[in-house]
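There are 4 protein chains.
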Amino acid sequence: MIKAGIVGATGYAGAELVRLLYAHPEAEVRAVSSVSFEGQKLSDVYPAYSSLNDMVCENQNTVVETCDVVFAALPHGLSQELAAQCMVAGKAFIDLGADFRLESEDAYTEWYGGTFLDKELHAQSVYGLPELFRDTIKGKKLIANPGCYTTCSPLAIAPAIINGLVSTKGIICDCKSGVTGAGRKPAQGSHFPELNEGFHAYKVASHRHTPEIEQTLSRLSGERVTVTFVPHLLPVNRGILATVYADIKDGVTFEKIREAYEVCYGDEFFVRLLGDGKCADIHNVRYSNFCDISLHFDKRAGKLIACAAIDNMVKGAAGQAIQNMNIIFGLDEKTGLVIVPPAF
Amino acid sequence: MIKAGIVGATGYAGAELVRLLYAHPEAEVRAVSSVSFEGQKLSDVYPAYSSLNDMVCENQNTVVETCDVVFAALPHGLSQELAAQCMVAGKAFIDLGADFRLESEDAYTEWYGGTFLDKELHAQSVYGLPELFRDTIKGKKLIANPGCYTTCSPLAIAPAIINGLVSTKGIICDCKSGVTGAGRKPAQGSHFPELNEGFHAYKVASHRHTPEIEQTLSRLSGERVTVTFVPHLLPVNRGILATVYADIKDGVTFEKIREAYEVCYGDEFFVRLLGDGKCADIHNVRYSNFCDISLHFDKRAGKLIACAAIDNMVKGAAGQAIQNMNIIFGLDEKTGLVIVPPAF
Amino acid sequence: MIKAGIVGATGYAGAELVRLLYAHPEAEVRAVSSVSFEGQKLSDVYPAYSSLNDMVCENQNTVVETCDVVFAALPHGLSQELAAQCMVAGKAFIDLGADFRLESEDAYTEWYGGTFLDKELHAQSVYGLPELFRDTIKGKKLIANPGCYTTCSPLAIAPAIINGLVSTKGIICDCKSGVTGAGRKPAQGSHFPELNEGFHAYKVASHRHTPEIEQTLSRLSGERVTVTFVPHLLPVNRGILATVYADIKDGVTFEKIREAYEVCYGDEFFVRLLGDGKCADIHNVRYSNFCDISLHFDKRAGKLIACAAIDNMVKGAAGQAIQNMNIIFGLDEKTGLVIVPPAF
Amino acid sequence: MIKAGIVGATGYAGAELVRLLYAHPEAEVRAVSSVSFEGQKLSDVYPAYSSLNDMVCENQNTVVETCDVVFAALPHGLSQELAAQCMVAGKAFIDLGADFRLESEDAYTEWYGGTFLDKELHAQSVYGLPELFRDTIKGKKLIANPGCYTTCSPLAIAPAIINGLVSTKGIICDCKSGVTGAGRKPAQGSHFPELNEGFHAYKVASHRHTPEIEQTLSRLSGERVTVTFVPHLLPVNRGILATVYADIKDGVTFEKIREAYEVCYGDEFFVRLLGDGKCADIHNVRYSNFCDISLHFDKRAGKLIACAAIDNMVKGAAGQAIQNMNIIFGLDEKTGLVIVPPAF
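Protein chains in written order, with this note's numbering: chain A, 1351 to 1694; chain B, 1351 to 1694; chain C, 1351 to 1694; chain D, 1351 to 1694.
Just so you know, the hints here were simulated from the structure itself, not pulled from any lab data. Note that the coordinates shown come from a computational prediction; the quantities given were computed from them, not determined experimentally. Treat the hints with care, since some could be wrong.
Since the list gives no way to pick out one identical chain from another, each pair is judged satisfied if it fits inside one copy or across any two copies.
Cut-off 16 Å, straight-line C-alpha distance, at most; resulting in silico cross-link-like pairs (EDC-like, lysine to aspartate or glutamate) [unchecked claim]: (1) K1490 <-> E1470; (2) K1553 <-> E1470; (3) K1519 <-> D1597; (4) K1649 <-> E1460; (5) K1469 <-> E1431; (6) K1649 <-> D1600.
Construct the entire structure; sequences and hints are all you get.
The following block contains the structure:
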């Protein structure tokens, strides 16, 4: 039984880890920490968990000492020291924050405003998007778990990029996210009466997930890719739909594109490629680690339109973190994550 | 491995059985049937299930032949013949419909308009509300699974009734249900723009669950109990909150009432009795088999107010049916039903 | 043209006054104030108002000086001084807060914790629920505008009380309110992911509107009435449904009750008495000053069940305040308030 | 007083016309018709309207005979004969359906499958998007009222197109609509439990509004424009957000683009151009005829991103139809349409 610990357990990503790990047959949450709720029961913060998990929040050090693997769901800038502490203690570290996601320190500084405190530490880290970079994850101990938008946007378009079927210029990721992506802290923008029955874009072409999406697509294509990324806020709890637009290269048929997706994702349990005429819907992946992808072809404009739907808190955060844990501990990648999404 | 079959699998209760049984370690869905979708894949109706359950809907007879236990989620009137067929074939039968819930044929005729086709069959059936009538369920093969309102309303008030702490006169059950209770079939009243941002009562003091609630409370009290039952429709997918009002008998203290609840539910895994000052919330039981109960005391008016929250599709339908299956097959009652409700 | 001013204009009730007064043909908002947003444009707080109302928030004194009528939407305790200031300046004052609603200082102290700073001022005030106490409102200058629950609960049951058709003992008001009732300030309980898909009671039998409902029913009946009042929070923006239960007196028929309602409300423009078999729905009164009432009869238990639906921000706050303004300024009571509720 | 009639009054667009015309000072609904509800009161279909409009639905001929202007909200194919009838009778005709929107019969046949029954009739019709084509509308009697997506998408990008600031190639309209756009008729896709908490694209690059958007942009640019149009379904009642992407031409600055929008829309009452850093939100235009537009600039990719928010039932249907009526009857275009959108 893997002893798992969660630093920042009272945030939404941390709480979702608690929920998912409860059903994991080979891992067990042994310690949780929270700065805001230290000394309080997790189930006081989330009464939904009562009687199943009434653990008391401790401090970060206790988590590191107690556990084999430490999941961190912290504001950016705070994971680097904790990662170092884990490495010294020989613990696996899976970071749900942004500190280790960008390989380029310049990009990190430009978009997040900090620096790499320990460049060697960063060199040890690996970007944990299994469907695209599985082989690099195995055997590692420091995982940068991708963000939510940065999981579904690349998954939507990756097979077309890898196989050179679309132009890497002018790619647009028009994304729509549920509210949990903004976290647990109340704010005017997530106050029920102002968000309900509303819909708007935010951080247009300036969201911090932009360089991360570009890093992934650049790595897949071998070229430096720039994307236009526009996130929107949906009045739902969970889910992201990424609608990704790319120009199809001359002579490439839709059949060829679909074939590339089938080859790329045919063996991927967590990617469900929908049939022609179907549209990916966040409704169908809620509470699960699935990424549903539908392909559409605008013949008149020569564009591929790929829609990818994930649960932002599962495949976009906690579920993928567990998937990474499974990989680095040598378990079947699906362990604990074979979940039927509710139909309603 | 118990071979489970579902008749009426494409309705909401049937579909929820499929979802929950997928995670059951000792049972497996072997056959499903649907009149409307015979020959089609269940995952065509519910794309959420794709790749996990792509079974084809067959007919009712195939389900009976193939399985050890048959769950039926059918319109009232249609279960009686199927039950007889199962009994002859030696199969367990768990009816999520109303045909076997009422012991009194007169009441059935008054509220549902039909008759008991086979009185002996009805004599074999047992009402499957385990927390209140567990001992009578064991060893049976024909279970009348309670309705949704009729699970949470009695659970809210049972300990006070059993112990004679409140009057059995003038009990009011003001209940609020999510929309899935109305089933899968589109109707004007469940058309999104007309239900969303709305809230209203329906079938006021005339809903068919009334005699069923009364039957349970009468059985617990030994008196003939009449209740006022008013259901309302909530613009949410899942959940029922029952707010039950009863007059406290003279000399009974709130402490005594709470004590009665603690004794009654102290060992019940699926009932979570909340502490003073907390209020049961449907949000905290979604997708789980829990019934959360909070107790409130109106000193000025001498009333007990008990709130009970369940997921109408789980503890109010499919989850409780599986709980009953576990009982009659001699499994730990919790098997497959230890589910952490999502915090958001 | 009546010069209207709003103190506390950036709260929800204040903002709703701005919206409704914009369409009023005989009144005009001339000044608004806000402690939190002084010096800022109201349309910066509520971009929905841009180009129609870009007034800058000033301070309270400016509002009093500039206007003929001052509406106050302030936390309790803050209206008394302002009311005094208005009286001295000869301005009409309509208080949307609670300071003047309770006639009994003891009750005010018990439920709100303060005292009446100036008893003579309180003696001048009048409770502004026009459908029940219209005659006492005319000619007054200091109006205590009723709260939301305290408008719809009494309206639901008043005709039965006035005519002595139901017992004044054991009345239950089971109320369900939209989220705007909790105001503009973000809080965990109104954070979208935790409220959405949830439903729960709160302040059970301890909400401050209890003595106000009792005051109204006592005044109507001539007896001291105690009610059980349980509010719940609905995941919708607007609306309150009050489901009120009362024991019908011996010998009283349902026809007689309906007749009493027809007599009482037949000439009331803002009360719409629904026909038999219909159920009041908050959906049908949104954004309007209507109170829809449906009557139901539980023959088996001898109870009247009356459902009343209002928009909590209109008939339950700003709309009723304008209705009161119309009365005290001698206008047709409906002026500016004849609004078709949207059908969706 | 203009006598207005509505054919198809029980559909959502027809019902919204009834609501808006009620507040119009110079027009009055004199007759309504409905095939499905002939002989029934409109307020039986929409109880929200009770006591304000209890008109009985008549037939189409009565509407034409009784009224000066006939609004038609009919399935495509059914307006042509009615238009002819109105022209003969000398009545103005405003078609909220699609029959007269496309100038090209070939396009109509390709996308809708019908033909132009009377080419001369089509020649008399004019496309009623006032902000872009006001001058052509004046003095006409047969108005093709634009669709919802086809109002907000062109408004979002028009000033940039008119002034040649962006390329007309590769324009993408990623649009998100509330559910009322799908009409009153219940369907699986608008059944509350399946739409709520969901989000998906539909009719990707194949929606019938595509040629209409292209027609408008072609007319503005003088070139034949092809767009990629992808509609999505939002779990809200009302509103469309169009996020439109276009490549900025070399040398064009963001300032120049904003200036073009300011010139183009500076005098347009119903277009509100938001300041830098703001994002158009459907929440802020609900129930009103406004179109809020925000401009965003992706410097890294050289793209203009323009967001336009409308209420699909008002500016996208009934409101714009009334705006057109005002124009052709020589009234101030804003008459009856100066509505403060609710802040919540």
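Each hint, compared with the structure:
Taking CA atoms no more than 16 Å apart as the test, K1490 paired with E1470 passes inside one copy only; the shortest distance there is 14 Å, against 66 Å between copies. With identical chains, the CA atoms of K1553 and E1470 are never at most 16 Å apart, being 32 Å at best within one copy and 50 Å at best between copies. Taking CA atoms no more than 16 Å apart as the test, K1519 paired with D1597 passes in both settings, with 8 Å inside one copy and 12 Å between copies. Proximity of K1649 and E1460 under a CA criterion of 16 Å is satisfied inter-copy only: 15 Å between copies versus 38 Å inside one chain copy.
Taking identical chains as interchangeable, the C-alpha atoms of K1469 and E1431 lie at most 16 Å apart only when both belong to the same chain, with a minimum of 12 Å there against 63 Å between chains. In this homomeric assembly, K1649 and D1600 come within 16 Å of each other (Cα to Cα) only inside a single copy, at 12 Å, whereas the closest approach across copies is 27 Å.
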